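Number of protein chains: 2
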Amino acid sequence: MAIIVGGPASNNIDSKLAEMLNIPCVKLEHKIFPDGESYIRFPETEKIMGNDVIIVQSLYSPQDKHIFELLLAIDAAKDFGAKNIIVVAPYLAYSRQDRRFLEGEPISVKTLLKLIKHSGAEYFITVDIHKEYSLEHFGRNAYNVTAMEEIAKHIRENIELRNAIVLAPDKGALSHAMKVAEVLGGIEYDYLEKKRDPITGEIKVKPKELPVKEREVIIVDDIISTGGTIALAAKSVREQGARKVIVGCTHALLVGNAREKLRKAKIDYIVATDTVPSEYSKVSVAPPIAKVLKNILKF
Amino acid sequence: MAIIVGGPASNNIDSKLAEMLNIPCVKLEHKIFPDGESYIRFPETEKIMGNDVIIVQSLYSPQDKHIFELLLAIDAAKDFGAKNIIVVAPYLAYSRQDRRFLEGEPISVKTLLKLIKHSGAEYFITVDIHKEYSLEHFGRNAYNVTAMEEIAKHIRENIELRNAIVLAPDKGALSHAMKVAEVLGGIEYDYLEKKRDPITGEIKVKPKELPVKEREVIIVDDIISTGGTIALAAKSVREQGARKVIVGCTHALLVGNAREKLRKAKIDYIVATDTVPSEYSKVSVAPPIAKVLKNILKF
Chain P
73 MAIIVGGPAS
83 NNIDSKLAEM
93 LNIPCVKLEH
103 KIFPDGESYI
113 RFPETEKIMG
123 NDVIIVQSLY
133 SPQDKHIFEL
143 LLAIDAAKDF
153 GAKNIIVVAP
163 YLAYSRQDRR
173 FLEGEPISVK
183 TLLKLIKHSG
193 AEYFITVDIH
203 KEYSLEHFGR
213 NAYNVTAMEE
223 IAKHIRENIE
233 LRNAIVLAPD
243 KGALSHAMKV
253 AEVLGGIEYD
263 YLEKKRDPIT
273 GEIKVKPKEL
283 PVKEREVIIV
293 DDIISTGGTI
303 ALAAKSVREQ
313 GARKVIVGCT
323 HALLVGNARE
333 KLRKAKIDYI
343 VATDTVPSEY
353 SKVSVAPPIA
363 KVLKNILKF
Chain W
73 MAIIVGGPAS
83 NNIDSKLAEM
93 LNIPCVKLEH
103 KIFPDGESYI
113 RFPETEKIMG
123 NDVIIVQSLY
133 SPQDKHIFEL
143 LLAIDAAKDF
153 GAKNIIVVAP
163 YLAYSRQDRR
173 FLEGEPISVK
183 TLLKLIKHSG
193 AEYFITVDIH
203 KEYSLEHFGR
213 NAYNVTAMEE
223 IAKHIRENIE
233 LRNAIVLAPD
243 KGALSHAMKV
253 AEVLGGIEYD
263 YLEKKRDPIT
273 GEIKVKPKEL
283 PVKEREVIIV
293 DDIISTGGTI
303 ALAAKSVREQ
313 GARKVIVGCT
323 HALLVGNARE
333 KLRKAKIDYI
343 VATDTVPSEY
353 SKVSVAPPIA
363 KVLKNILKF
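Those protein sequence lines, which keep their order, are chains P and W. Following this note's numbering, the numbering of the first sequence begins with 73 at its first residue and continues without gaps. Following this note's numbering, the numbering of the second sequence begins with 73 at its first residue and continues without gaps.
Heads up, a few of these hints could be off.
No copy is singled out in the list; a pair is fine if it fits within one copy or between any two copies.
To be verified - Here are the simulated DSBU-like cross-link-like pairs (lysine-lysine), alpha carbons at most 30 Å apart as the crow flies:
#1 LYS150 x LYS225
#2 LYS366 x LYS285
#3 LYS203 x LYS307
#4 LYS370 x LYS336
#5 LYS307 x LYS285
#6 LYS103 x LYS266
These are calculated hints, taken from the structure and not from any lab test. All of these numbers come straight from a predicted model, not from anything done at the bench.
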């Protein structure tokens, strides 16, 4: 038997998965002590013993707290006799520190994935990880699923598209644009080139000659953090005559004054997922995660 | 060779240890990204390769952030070729969740100590851990040092003691009282009994017949958290006629309105250590830690 365990940062993805897989779901009791320490508790340990335990905890801010709560839950689930522990971390913190950009740096995503593994997780699932190769630090049984299909379907159902084009704000996000374009019926897709001004240091989107005039432009990316990249891209295509600017992203972190930047960029529609709670969380990543879980659990 | 590496929460204990042991000290570069993720960096990795590396990071609030920074530092030090990694965590977070008080709880201090060990630490040193038996979760090479000698010496040097008595606010802290009494020349020591009122649920210090009248009463404990226990103890001995009330504790967490409670309790003098930064951090725990490090490093 398998059971879903929802952590304090599961953002209701736990319940959705339980419903899709038709298995039970328990929510960890949770509080924070006056000194700031986290407390979790499994409500029914007899449901853990001998079963496959799927722990759902998204690692958005405060990420270190959510990480430690996850590690507490894994360790305790092992103590209570869990068979296989499957960790579902829809948003994986520290995934952008995926290599040593400067000598002396840690590879933070490696440290984190190894902690999760060595705490006792046999399987790991995340969504639109910044760089897929980072999963090698977990070893076998690590899965990355994409939310781009769900995002594309949502856009198709909510926006009238006459002659749309999908753009990645940089080359690194091109695979996301490709996926969205495919779901939207094999429409055109491309990417914008970022360029740093050699004198001022300012980052500019250097528009290639993009055929965006009078078209709906769908800009897609994995993360909106401070909103700078997306705002710049939106501004650029708007100036080139786009009819509508639509933004789709998986993880809407929206740090600092991101909301203000997005508002000023006059984007017509923004859609993000529930990996990070925000006002743009309009689609759930539960369906693609459920698909992988079915395979793992041999349903 | 050995080197001290000071983490973002080393509170200058790193420099003091380096001076006492006459070994080099590097401080980790540190910043927090706009989204809340921690960044650390070793400034000189060539000093890590082949050497014993002593990482100093105290785990006070925000404890989960300080924990993850420590785990990043351990993992990176291993990558850079550290020989033995010795972790000095003067304040050990989660040390009060040392057993399952209710079924379904994690043993958080176990989880934390295992994470530190499995990340690559060969040795672990902390100060006045809440329960000494918790160190067994680290296994061999875990050391607990007491700050009570330093606290006693500080009190002796700063307060005129005519006829002092040392009191623990509960039986669990009696060993601390014993140690302080010993350093103060084998003076009298005892403990107060806490009792919960069976009707109101209020916790009261039930004074045994304590000979505190016209004497200096030194109340010692490992942690001042919300300040409730200490304030109650101070009030009780004051009511019984104590001439002066002096409080000595290792870890002054001072959460919530602890400062107000302490002020209202009219304590004459408070001394704490530098395991947690506070206005009461008047003595350093570096000397007893240095002693253990000398043994480990065979100086």
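Evaluated hints:
1. LYS150 x LYS225: Classified as neither; 39 Å inside a copy, 46 Å across copies.
2. LYS366 x LYS285: Result: close neither inside a copy nor across copies, 44 Å intra and 72 Å inter.
3. LYS203 x LYS307: Within. Shortest intra-copy distance 26 Å satisfies the 30 Å Cα cut-off; inter-copy 59 Å does not.
4. LYS370 x LYS336: Classified as neither; 48 Å inside a copy, 63 Å across copies.
5. LYS307 x LYS285: within (13 Å within a copy, 78 Å between copies)
6. LYS103 x LYS266: between (44 Å within a copy, 26 Å between copies)
Consistency note: the structure conflicts with the earlier hints numbered 1, 2 and 4.
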